[in-house]
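> Line by line, the protein sequences are chains A and B. Residues in the first sequence are numbered consecutively from 30, following the numbering used here. Residues in the second sequence are numbered consecutively from 114, following the numbering used here.
No lab work stands behind these hints, which were simulated from the structure alone. These figures come from a predicted structure and were not determined experimentally. Treat the hints with caution; some may be incorrect.
[What the hints assert, rightly or not] Partner residues aside, some chain B positions facing chain A, computed with beta carbon under 7 Å:
#, residue
1, Leu124
2, Val125
3, Tyr126
4, Asp179
5, Tyr189
6, Leu199
7, Leu200
8, Ile472
[Said to hold, decoys possible] Stretch-level coverage of chain A by chain B, calculated; a stretch enters the list once three of its residues show a Cβ under 8 Å from a Cβ in chain B:
#, region
9, 172–181
10, 295–306
11, 337–344
Cβ atoms here follow ideal geometry from the backbone N, Cα and C, with glycine treated the same way.
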Amino acid sequence: MRALASWIRAEPHGIHVVPADCWIDPSQPVARALVTHGHADHARGGHGRTLATTATLAIMALRYGVEGEGAVPVAYGEPVALAGGVTATWLPAGHVLGSAQILLEHAGERVIVTGDYKRRPDPTCAPFVPTPCDVFITEATFALPVFRHPPVEDEVARLLAARDAHPDRCVLVGAYALGKAQRVIAELRRAGHHAPIYLHGAMERMCALYADFGIDLGELRAVADTSKAALAGQIVVCPPAALNDRWSRRLPDPVTAMASGWMRVRQRARQRNVELPLVISDHADWDELTRTISEVNPAETWITHGREDALLRWCELNQRKARALALAGYEDEDD
Amino acid sequence: MEAFAALIDALVYTRSRNGKLALIAAYLRTTPDPDRGWALAALTGGLDFPAVKGSTIRALMAERVDPVLFALSRDYVGDTAETASLLWPEPPVPPAPPPTVAEAVTALAAMTRSTVQRDLAALLDRLDANGRFALLKLATGAMRIGISARLAKTAFAQAFGVNVDDVEEIWHGQAAPYQPLFDWAAHGAPPPLGEDRPLFRPFMLAHPLEGAVVDLTQAFAETWAAEWKWDGIRVQIVRAGRETRVYSRSGDDITAAFPEVAAALDIPAVLDGELLVRGSHQGGEAGGAASFNALQQRLGRKIVSRKMLADAPAFVRLYDVLIVDGEDLRSFAWDQRRAALEALMPRLDPTRFDLSEVIAADSLDALAAIRERARDEAIEGVMLKRRDSPYVAGRRTGLWFKWKRDPLLVDCVLMYAQRGSGKRSSFYSDFTFGCWDGDPDAGAELLPVGKAYFGFTDDELKWLDRYVRTHTVNRFGPVRETDRSLVLEVAFDSVHESRRHKSGLAMRFPRISRIRADKPAHEADRIEALRALVRD
Numbered sequence: 030m031r032a033l034a035s036w037i038r039a040e041p042h043g044i045h046v047v048p049a050d051c052w053i054d055p056s057q058p059v060a061r062a063l064v065t066h067g068h069a070d071h072a073r074g075g076h077g078r079t080l081a082t083t084a085t086l087a088i089m090a091l092r093y094g095v096e097g098e099g100a101v102p103v104a105y106g107e108p109v110a111l112a113g114g115v116t117a118t119w120l121p122a123g124h125v126l127g128s129a130q131i132l133l134e135h136a137g138e139r140v141i142v143t144g145d146y147k148r149r150p151d152p153t154c155a156p157f158v159p160t161p162c163d164v165f166i167t168e169a170t171f172a173l174p175v176f177r178h179p180p181v182e183d184e185v186a187r188l189l190a191a192r193d194a195h196p197d198r199c200v201l202v203g204a205y206a207l208g209k210a211q212r213v214i215a216e217l218r219r220a221g222h223h224a225p226i227y228l229h230g231a232m233e234r235m236c237a238l239y240a241d242f243g244i245d246l247g248e249l250r251a252v253a254d255t256s257k258a259a260l261a262g263q264i265v266v267c268p269p270a271a272l273n274d275r276w277s278r279r280l281p282d283p284v285t286a287m288a289s290g291w292m293r294v295r296q297r298a299r300q301r302n303v304e305l306p307l308v309i310s311d312h313a314d315w316d317e318l319t320r321t322i323s324e325v326n327p328a329e330t331w332i333t334h335g336r337e338d339a340l341l342r343w344c345e346l347n348q349r350k351a352r353a354l355a356l357a358g359y360e361d362e363d364d
Numbered sequence: 114m115e116a117f118a119a120l121i122d123a124l125v126y127t128r129s130r131n132g133k134l135a136l137i138a139a140y141l142r143t144t145p146d147p148d149r150g151w152a153l154a155a156l157t158g159g160l161d162f163p164a165v166k167g168s169t170i171r172a173l174m175a176e177r178v179d180p181v182l183f184a185l186s187r188d189y190v191g192d193t194a195e196t197a198s199l200l201w202p203e204p205p206v207p208p209a210p211p212p213t214v215a216e217a218v219t220a221l222a223a224m225t226r227s228t229v230q231r232d233l234a235a236l237l238d239r240l241d242a243n244g245r246f247a248l249l250k251l252a253t254g255a256m257r258i259g260i261s262a263r264l265a266k267t268a269f270a271q272a273f274g275v276n277v278d279d280v281e282e283i284w285h286g287q288a289a290p291y292q293p294l295f296d297w298a299a300h301g302a303p304p305p306l307g308e309d310r311p312l313f314r315p316f317m318l319a320h321p322l323e324g325a326v327v328d329l330t331q332a333f334a335e336t337w338a339a340e341w342k343w344d345g346i347r348v349q350i351v352r353a354g355r356e357t358r359v360y361s362r363s364g365d366d367i368t369a370a371f372p373e374v375a376a377a378l379d380i381p382a383v384l385d386g387e388l389l390v391r392g393s394h395q396g397g398e399a400g401g402a403a404s405f406n407a408l409q410q411r412l413g414r415k416i417v418s419r420k421m422l423a424d425a426p427a428f429v430r431l432y433d434v435l436i437v438d439g440e441d442l443r444s445f446a447w448d449q450r451r452a453a454l455e456a457l458m459p460r461l462d463p464t465r466f467d468l469s470e471v472i473a474a475d476s477l478d479a480l481a482a483i484r485e486r487a488r489d490e491a492i493e494g495v496m497l498k499r500r501d502s503p504y505v506a507g508r509r510t511g512l513w514f515k516w517k518r519d520p521l522l523v524d525c526v527l528m529y530a531q532r533g534s535g536k537r538s539s540f541y542s543d544f545t546f547g548c549w550d551g552d553p554d555a556g557a558e559l560l561p562v563g564k565a566y567f568g569f570t571d572d573e574l575k576w577l578d579r580y581v582r583t584h585t586v587n588r589f590g591p592v593r594e595t596d597r598s599l600v601l602e603v604a605f606d607s608v609h610e611s612r613r614h615k616s617g618l619a620m621r622f623p624r625i626s627r628i629r630a631d632k633p634a635h636e637a638d639r640i641e642a643l644r645a646l647v648r649d
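Take the sequences, apply the hints, and build the full model.
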């Protein structure tokens, strides 16, 4: 039997679409890059041409200075003809603003590269669109059956309860600066928290970018402009690295929280010195990953980064053909 | 069970000792009897359910989750109970409300090997993930949430405004759920003391001298008494109400393993000393004690053979007397207790009891010189005790110090690494290392000589973890074999002949003392160098 999608090669530094000589999320500079979303491990600068959604390009311009002629915007659902008879279509992935799966079509075969994705509703981005294909190249960040993310409403309720329980302290939420921070803020607003939310300096421009794309995050203020006393009883959002940093000394005895899928495992939270672990993830959990594979029902599943052993095992148990790709440089410790 | 589960969860995420004390104290104050008593038993390791083992949980999960997926999950999470609590297939509607702690304890105690699978599952079905975690931790008796029994007792004392030393003392005569203890502390009932029972009294412990501030302004010999630190196990021998018991430092009853010692005490007394085996290894012929290795053969036995009693006879070298003939001497100065102990010696069986010698030293420097000799005499080091110190429970600052001899050092090569558990679950933190069995440049091989999982700082652990991941040549389940390129300086207290290792040697208290990334592997030590340090 002929191998499926032999025109796609997994190389250590990215997925190579051979007939079009394009790379998906390459970790080294290439002539033509197709980028799924703006996180640093997928979107890097220095490529000749970068094809990505308008929002992803705006994020890359903000973070890595990618702009000008090399940046080629694409719209969700509109096929783009590449060289060598390859067509690429960006489809929403539900991960962060602008995130996409990339559907590649060539020689009668359909291949989807998911990038990172999730299936739960997220007020800050378009929802994942399940799309039939022959080869489904999926992420596996949380591919262990212990990872079952609880409803985001429950976690936000715990965050608000911690704020109410400590009127003299503030709650400091560590959240990845792109995506997670804005989602936590948007979910707080949805839960009826309309007080100003205070930001670490590294968050400000990304939140402003989200607002430019029409995502209402309510009133945001800079921690730098606020006195320590005024922060009591407030919610502050910072990048995870700042949680235990000297920066946090300017806050009134913060309750240290972290919004991440890893918080499901107690020792991960302890390693981060977290008092209030919030299991909020922008990645698919075990149930979402396995349900998505069943729903998309590809002839083959290729597994990229994360805990590929377990997802391979699930495919084996469910008589699904699968293999793991060895890609370098993807890190999702900050989800 | 929900309140207990919430307590366990909060304790996991609370770093500060005061924060933990406050959480436990609040729980003990607000939870009704007998739940709080059972919870206290769980926190202090006082519960035992023989039908529930780690293997029970694995078997329970094997019926519900693919074993490969369970193993991968367990490896990642680093804790069997937590893995099971997360993987448990929840029924769509719980069959009953969550059990109380007392209800759960009663059910667990009634389980047998033939019913445990069914009945434990029925309890788990009634709980959420946090509740399942708490239940499984309680059931297997391995809480591992960084709460010592001492901390829990301190929290108990804090909750009810009583003295923690009183709690320790009363504690040992009580069984869970400690109703008389709560009646005393919470409701002012008279303390349930057992005068006529052989109860354990909390040990007085020493601080390491290194890094301590010792007041040397007063005349040394008048202020301090020095003794050898013998290398056996610290024990307390208690006789009361015509019964004698031997307790280890943690308060475990080890009478059954040392019947000859228990049989030799016929005076009502509480004595503190070092349990040793007759021999000539420690302190030469005159010292009369064998190496720790010899004692180890006798530990953990429920029945002791006649041959063992003959080949490795045990005795106690006495350090202190707490109570004798009904008189409690603990508030007296060390000098006075020492005099009482010396006066007591003629009444004790000399084959089973002797007196720990007081070392004559008139300055710390003189003692340092004597301590240097400790290596040759295979003694662990020296002790320094204030002559005016009362016998107080625990480690009281400034009264007693231990001054261990300097460790031995050897350069080894890292061979294998295994992931740790608990808070080190994501780190390769258990290291097996080896020495060369000849000239490495002439084709010698590395033979494993020991395993260590401490001695390094958190930053060094991160470094070692990264090193292991990037120098792996083979994987065997949770174990990685490395490319044998890294030299580790290993510190250890002593080394003995052992049939357990291919090298024929086993180290005592090995720990990683330095990472020698600067040293090429072929310059690490040879087995002969290590063998030369054996003093058996």
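> It remains to establish, for every hint, whether it holds in the given structure.
Now the hints, each set against the structure:
At a threshold of 7 Å, the smallest CB-CB gap from leucine 124/B to chain A is about 11 Å, leaving the interface hint violated. Because the smallest distance between the Cβ of valine 125/B and any Cβ of chain A comes to about 5 Å, under 7 Å, the interface hint for this residue holds. Nearest Cβ of chain A to the Cβ of tyrosine 126/B: about 5 Å, under the 7 Å cut. The hint holds. With its C-beta approaching chain A no nearer than about 6 Å, aspartate 179/B sits inside the 7 Å limit, and its interface hint holds.
Below 7 Å, beta-carbon pairs count as interface contacts, and tyrosine 189/B has one with chain A at about 6 Å; its hint therefore holds. With a cut of 7 Å, the hint placing leucine 199/B at the interface with chain A holds, because the nearest CB-to-CB distance is about 4 Å. The restraint placing leucine 200/B at the interface with chain A holds, with a minimum CB-CB distance near 6 Å, inside the 7 Å limit. The closest approach between the C-beta of isoleucine 472/B and any C-beta of chain A is roughly 45 Å, which is over the 7 Å cut-off, so the hint fails.
Counting residues of the region 172–181 of chain A whose CB lies closer than 8 Å to any CB of chain B gives 4, which reaches the minimum of 3, so the coverage claim holds. Only residues whose beta carbon comes within less than 8 Å of a beta carbon in chain B count, and the region 295–306 of chain A has 11; three or more means the coverage holds. Given a C-beta distance limit of less than 8 Å, the hint that chain B covers the region 337–344 of chain A holds, as 4 residues qualify and 3 suffice.
In terms of the numbered hints stated before, the structure departs from hints 1, 8, listed from lowest to highest.
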